[in-house]
Amino acid sequence: MQARYSFFSLARNALGYHENWPEAWRSPEPRGSYDVVVVGGGGHGLATAYYLAKEHGITNVAVIERGWLGGGNTGRNTTIVRSNYLWDESAALYEHALKLWEGLSQDLNYNVMFSQRGVLNLAHNQHDLRELQRRIRSNRLNGIDSEFLDAAGVKAFCPVIDLRSDGRYPVLGASLQRRGGTARHDAVAWGYARAADARGVHIVQNCPVTGFRISNGRIQGVETAKGYIEAKKVAVVTAGHSSVMANMAGFRLPVHSVPLQALVSEPVKPVIDCVVMSGAVHAYVSQSDKGELVIGAGVDKYVGYGQRGSLPVTEETLAAVCELFPLFRRMRMLRQWGGIVDVCPDASPIISKTPVQGLYFNCGWGTGGFKATPGSGWVFADTIANDNPHPLAAPYTLERFTTGYLIDEHGAAAVAH
Amino acid sequence: MLLIDCPHCGPRAELEFSYGHEAHIERPKDPDALSDSDWAAYLFLRENPKGVILERWVHSHGCRRWFNVARDTVSYEILAVYPMGAEPPKLEQARYV
Amino acid sequence: MAQTTAETSPQAQSPAPAARQPFRLRDGGRVDRSRLVSFRFDERELTGHPGDTLASALLANGVHLVGRSFKYHRPRGIVSAGAEEPNALVQVGRDPRTEPNIRATQLELFDGLSVSSQNRWPNLEFDVGGVNNLLSRFLPAGFYYKTFMWPAAAWETYEKAIRQAAGLGVSPSKRDPDAYDKTFAHCDLLVVGAGPTGLSAALTAARAGARVILAEQDFLLGGDLLSDRSAAIDGRPALEWLAEAEAELRSLDNVRILTRTICFAAFDHNFFGLHERVSDHLPFAERGDGRPRHRLWKLRTRQAIFATGAIERPLVFRDNDRPGIMLASAARSYLNRWGVMAGSNAVVFTGNESGYATALDLHQAGVRVAAVVDLRAEAEGPLSEEAKAAGLRILAGHAVIGTEGDKRVKKVRVGRLGSDGASIWGGGEEIACDLLVNSAGWSPTVHLHCQAKGSLVWDEAHACFLPDKAMQKGQATVGAAAGAFGLASCLAGGEAAGRAAAEALGLAPRAPARRLEAEDRDFLPMRQLYCVPSDKPLGQGGKHFIDQQNDVTAADLLLALREGYRSIEHVKRYTTTGMGTDQGKLGNVNAIGVVAEHLKLPLPEVGVTTFRAPYTPVSFGAFAGRDVDALLDPVRTTPMHSWHERNGALFEDVGQWRRAWYYPKEGEDLRRAVSREVKATRDSLGILDATTLGKIEIVGPDAAELLNRVYTNAWSKLEVGRCRYGLMLKEDGMVMDDGVTSRLDETRFLMTTTTGNAASVLAHLEEWLQTEWPELKVYLTSVTEQFATMTLSGPNARRLLGELCDLDLSNEAFPHMSWQPGRVAGVPARIFRISFTGELSYEINVPAGQGLYVWQTLFRHGEKYGITPYGTEAMHVLRAEKGFIIVGQETDGSVTPLDLSMDWIVSKKKDFIGRRSLSRTDIQKPDRAQLVGLLTQDPALVLPEGGALVETMREETPVPMLGHVTSSYWSPNCGRSIALALVKGGRGRLGKTVICALDGGKTAPCTVVEPLFFDKEGERLRG
Amino acid sequence: MAELLEQHSALAHLGLVAQATRARSESQGVAMSELPYRAAVNLRGRLDEPGFAAAVDAGLGCLLPDRVGGVATSDTASALMLGPDEWLLVAEDGTEGPALRERLAKALDDYFCSVVEVGQQYCWIRLAGPEAAATLQKGCPLDLDPAVFAAGHCAQSLLSKIDVLVCRRDDRDGAPVFEVAVRRSFADYAWRWLHDAAREYGVAVVAA
Ligand SMILES: Cc1cc2nc3c(=O)[nH]c(=O)nc-3n(C[C@H](O)[C@H](O)[C@H](O)COP(=O)(O)OP(=O)(O)OC[C@H]3O[C@@H](n4cnc5c(N)ncnc54)[C@H](O)[C@@H]3O)c2cc1C
Ligand SMILES: NC(=O)c1ccc[n+]([C@@H]2O[C@H](COP(=O)([O-])OP(=O)(O)OC[C@H]3O[C@@H](n4cnc5c(N)ncnc54)[C@H](O)[C@@H]3O)[C@@H](O)[C@H]2O)c1
Ligand SMILES: Cc1cc2nc3c(=O)[nH]c(=O)nc-3n(C[C@H](O)[C@H](O)[C@H](O)COP(=O)(O)O)c2cc1C
Ligand SMILES: [Zn+2]
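Protein chains in written order, with my numbering: chain R, 1 to 417; chain Z, 10001 to 10097; chain V, 20001 to 21023; chain H, 30001 to 30208.
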């Protein structure tokens, strides 16, 4: 039985010294069989399970997670949420997600602290400006709020930026999506887990999937550390490990997994009240509610499952931060970490059926899938339930790599985000 | 930061090298003979292994020569360096899930 | 060691400083009593001595309250004497040289230092935020996830308040005026930590000839020896051994000692990050002069020894966070190293022998020790015995079950501990005190070993994690960091590790004459309790702090477990334990213990959270080093750059190059200036600095074959002396680059590339050559910078060039798309008759160093033709008038030659990179975006570049889009605006109308036309 | 040394000559100078091709070094081995470029090789003095210890964000001497970077 979270329940429980809070989700032993097994308990997997239950009434579902919920990229990203993507296909998908974000805390009854503090993308040269204009104009026709700020406008919106008008990378302008912002990453995983659990979904942690049983081209179930589990359908949402899973199922994917790192400063009182991203200088910065500056860096270029980033990338990122914010040079790095991001050749995701019937893959979000979490789960659940791509997911099938219909969002992903 | 043993210059910092992704992916001799999906496989599909990867590097800020490397993608240990065109060495595979 | 007291010191000023530092002992310790250092803490002017840290100086002055906690704003004091400090964080210096969250325990005192306390308002003594403490019951771990959701819009307001309350210190508000530095470094052996272990390791390896770097975060070498009054080595005070060891190390050429330097990170392949504080400890007047504030060392070593010691673990008991409650070892350090009494009336609370070491030292120094409260049923062990002998009051089998005192601990309550360790018997005696020191045991500092992905094992006897296997070759952890807590073991362990490292390096270390003699005592026996019970249930009255900085209590951990956040990683994230600036150096093992007990799991099964860099926080500035401001990235300039500057050019960044953009004359804006430049070029003569174009010499019998394979068109038949335009694709069929390539002789070509792609095209060619086509006999050499390139363009180009060179420039002798060697203004040159403007043009390559001279000569002689320098903007207009594409502007990585209607250059007869991709189904579709020209119906209107094109405009979104404007200019030669665009099915729309959406809901109808606006027959080009 | 017609250095705008005459060089950690323009030819070819090395020797008067990083010197030129089939032939006399190229091209007429004049691409900066290595080491990931990188050797690597060719010459006055070649468009950056790096040791601009 789940309690509803509210100010009143908090107050009531305070009187009982918080001894009576129920579990946010149960931790059952897995059953022998499910209608759908979701492999991967990151945000996308949990959201998939939640929407399977909520939107499609499919509740005989298990989420199988090798470690702890949200311990993959969901738990280690810089939490930037925005939808101002270039191509129509991406704009539609990310905007769908953004609309879901806007009601997510209430929907889940879990405060994911979605904070629409605005996202700036800076332009430093004529080429940047041209690309920015292109993006802004197509965003608007796609119904996405997007505006252009000139240098003075940037300074007014985010006073701590140094425009460096005589510097190496002067800020010439920026696009601003006011509805963009950040969310509390862990809360997204936990909120979805709790809400999915409330609808009957089983959440199984510390249980790596080690293989698939496939016969006659159809999925039968998954081998796990806790034994074999039969499943009518299997949805793989394992981000950095997608190739490992695909190799288990006997095919290969057009992705490579690379380390992407991020870092936080020591906490300080509020000093920057929006998200700032720059492709040319390669840095992105926001400040969390606890006060740390949350800073995203770039990827190491080589395949790596080590969940750690290298020093040259940190140096480059912090040099960029020091350029845009010379007042932060005395701030100090508190912790640095890495995730394993699965990157597609066109920097767009894969939401797709596979050569194996009943086996679905959702991956390739690379450096930027946190913002898509609700939308991704939504369209993937629909795709699984109907064994047919949801219209928003249709452009993201594996076939595009054969036919050439790539959705090249390198512009959007020029900075990892 | 990795230390990569360039076959020509000796051990140098990773900074001096550029990455060339998976090795031993040969360009088809007759591309027209391939179906679209076979061509796509050549272009895009990769092993991307967790474990030993056979990959190519170039000493781009040094001697500018390409060579192959066998590396564990979890420990990042470099297990072998061998020239372009050579067969990969036989290696113990660490098991990872 | 200075023994003079302040009174006798010649520099001493009245009033006598000793009197002003009431808790300073008259002698002892490593401070220089002969000199005074004054500093400011909040409103107070205080003094200390050289050798002090801020913490030791504050304690010497009797200051214990130094800050407020993160969440509940509880008064907090100094807990430790080192890197592990969670509470005593201060704001140092004044804006813009201010720095938040500095650990007072590591901050070296200097004259003029000014610090203030943090996270309090209006002041430290009275802090309004303290109300959070009263409300704490409503603010358990994760409370924010459960509330602030209604109404949805109110979150923004709540969030502001939450943010305001969080954070500790404040960021500087202005640009940092200081300089930072970084450097690479290499050595044979890195030794981290200069305690007895590290010193003996470094000595052993250095004597064998290894290149050693010894890094120590402290400003003194010695580690724990500095705090141990009684330690002896070879029958002499250990400090004498220390002085000799240091002197020997300093005398060796192959040793570099880095003090004030933390090794903050262990990366792959024995690569380490070290952070040196070069001048933070100096009075302001002595800083600067080229000397950086901090330096980042990027160090590669062959062997590494982590001799990082151990950190004492605090006991978790009720209200264990008041000022005046500190680690036993810290109180001992203050006493022995700094000659400071942390209090005058102490209670010692311990579960092992370490507490007794402190008790004895305090007692000896004249501090009253009111009681030693010992968790162990019996106080037994060598130090306990000494304490008994000294007559100290020992309460064995007891625990501190509560403390009192608002701004400083006043008394403790003590109860008898049940044998289960979970219950308290008896009402509790109250003992007055002003200092409560405590010890639960020791945690080896395994951070670097773990960062390098080494594994840990649990040592049940010492209740601590020890390093197990190192993942990387050549790494060892020794001494207290490896669980060898006795001095003799540390010395021997260091020696053995140093020897092993030397041997691994192929050196032959000398065998030591004999082992150094020292005591070998650790802190056993111990009784381990991760959470000391009190007379009330946990969480009900009073707080057992696990993580003092983030205000995480044992009750918070239990709440997390109760709610299902069971993995230690969830516990960490839900409660934020271990996530403060100290990263849980004190709290983590206790947290794991509490979780293990609650879940009834063996402790190692709960496991540790991931150790991450940095060991202690590192300034952003150090990572940036001197790569800031003008040195952030190279600015590449051409040999004619100074001329452009002198002639008023404005510049545009193209990759790293800085190119002349346009040359405005008095009163001209961009459009006016560019129009003038464009007109002048078409009417008479323009000149462009085109040096930045990439140039590659392609040499060898198979050079033409290589071109055949990388360009879409055919090259074998190009005659010597002729030039040809080529288009290069990536294997996925998308346009990668374009440019003109000329045949210099039978086996030699010169390829030009776009400015931005010069390096990537060369790399692309090399990659294919070396990896796929090693059979081709071709060599590539970049000559981009060998030449200065200038383009003369316009009807008078031939005339001017004719004056300065001796070639026959007639159409017959020197036709379009050919080249010839010659001399221009006496300088050897290659002259190419090629054109990107559609005018009669000559591209002239001369040796780079002579470029400026030739350029100036052309100007002198071109004056009569009104020679006009034109920049990149005019170049763009000129080429757009002719419909020539710019890679990166008309293309974006998703455009094929077919989309550009450049089928004419795509050979059907041969294979080339990318060809097969062009026949894929989606690439062949007629509704792909294709390059067209656009003419606005209003000829005066210049479309915005990037403008979106639609069939029809409507209110409701999404509006289906047709494409976008790639280039758009005012064309003075056409007398109207022109634009290029990528439009879906564009070629099928010629003559039709599309609409460009403008700002403010306005629209601009445009006619789709061929992308060619000027001189459609190309007569001028060949004229 | 003959002058090239109106040859301008990539560092001309810094007025180094004027600075050099004013600076005192004693008691400085680092002495920096720009070297006069040098001729250079890039040679590619196969050492394992019979006769190739001998032909170069005939044309150049020195045998090619056969290990990457090796340097061989004759009366007129040095040969620096940059890669397994690549050398940079450098003549201190800047006017020698075309002649050097022609001599080699002629000598190697029968071989598959490439001979390209590249001297104008480079700017040479000399760092000398007790802190020369420390200065260079700030931006260069090579191990500059003399036991690893000895006098008479060269290496291509990085200096901060740019490509460099570093040559170590014989020590002078007991202190190391490095010559660093950078592409000319990066010369301004390289010079200012090094000068800034050397500042804490005391730096003098001296005549070459
Ligand atoms: C440093 C960093 C910064 C980022 N910044 C942003 C940002 O600002 N904005 C943004 O939108 N995106 C960002 N991203 C990207 C974003 O984090 C990811 O795209 C997104 O979180 C992916 O979610 P997921 O649920 O698909 O994957 P994950 O959260 O990685 O979940 C996959 C799960 O699968 C599990 N799994 C793997 N193998 C198995 C197996 N065999 N059996 C069972 N389970 C398995 C893993 O343990 C993991 O929990 C960032 C990523 C990183 C690393
Ligand atoms: N009897 C006991 O219970 C007990 C317990 C602990 C320690 N000790 C004593 O402490 C001493 C331990 O000797 P040791 O040499 O192993 O340790 P140490 O504590 O004496 O020295 C470790 C040194 O490493 C430095 N350090 C730690 N991390 C660093 C980093 N990342 N970068 C740079 N410097 C870093 C510390 O500042 C310290 O100076 C012995 O004398 C031992 O007897 C005794
Ligand atoms: C948005 C965000 C904010 C974070 N803030 C902190 C912080 O304040 N303190 C901290 O120690 N770690 C912080 N972390 C980092 C985590 O401790 C941790 O490093 C990260 O989740 C990756 O996990 P791992 O290091 O355990 O592999 C933060 C992480 C994220 C994604
Ligand atoms: Zn090399």
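To be clear, the hints were calculated from the coordinates, so they are not data collected in a lab.
Among the hints, erroneous ones may be present.
Said to hold, decoys possible - In silico SDA-like links for lysine to any residue, alpha-carbon gap of 20 Å or less: (1) V:20469 x V:20370; (2) V:20909 x Z:10031; (3) V:20174 x R:358; (4) V:20453 x Z:10037.
Unchecked claim - Derived Cβ-Cβ restraints for the label pairs, each shown as a range: (5) Z:10087 x R:213: 31 to 37 Å; (6) H:30146 x R:156: 53 to 59 Å; (7) V:20250 x H:30146: 29 to 35 Å; (8) R:35 x V:20911: 32 to 38 Å; (9) R:28 x Z:10085: 31 to 37 Å; (10) V:20911 x R:213: 56 to 62 Å; (11) R:166 x Z:10025: 55 to 61 Å; (12) V:20289 x H:30169: 27 to 33 Å; (13) H:30063 x R:166: 51 to 57 Å; (14) H:30063 x Z:10025: 37 to 43 Å.
Note that beta-carbon positions come from the ideal geometry of N, C-alpha and C, so glycine has one too.
Original post:
So which hints don't hold here, by number, going up?
Top reply: Result: hints 1, 3, 4, 7, 8, 9, 10 and 11 break, sorted rising.
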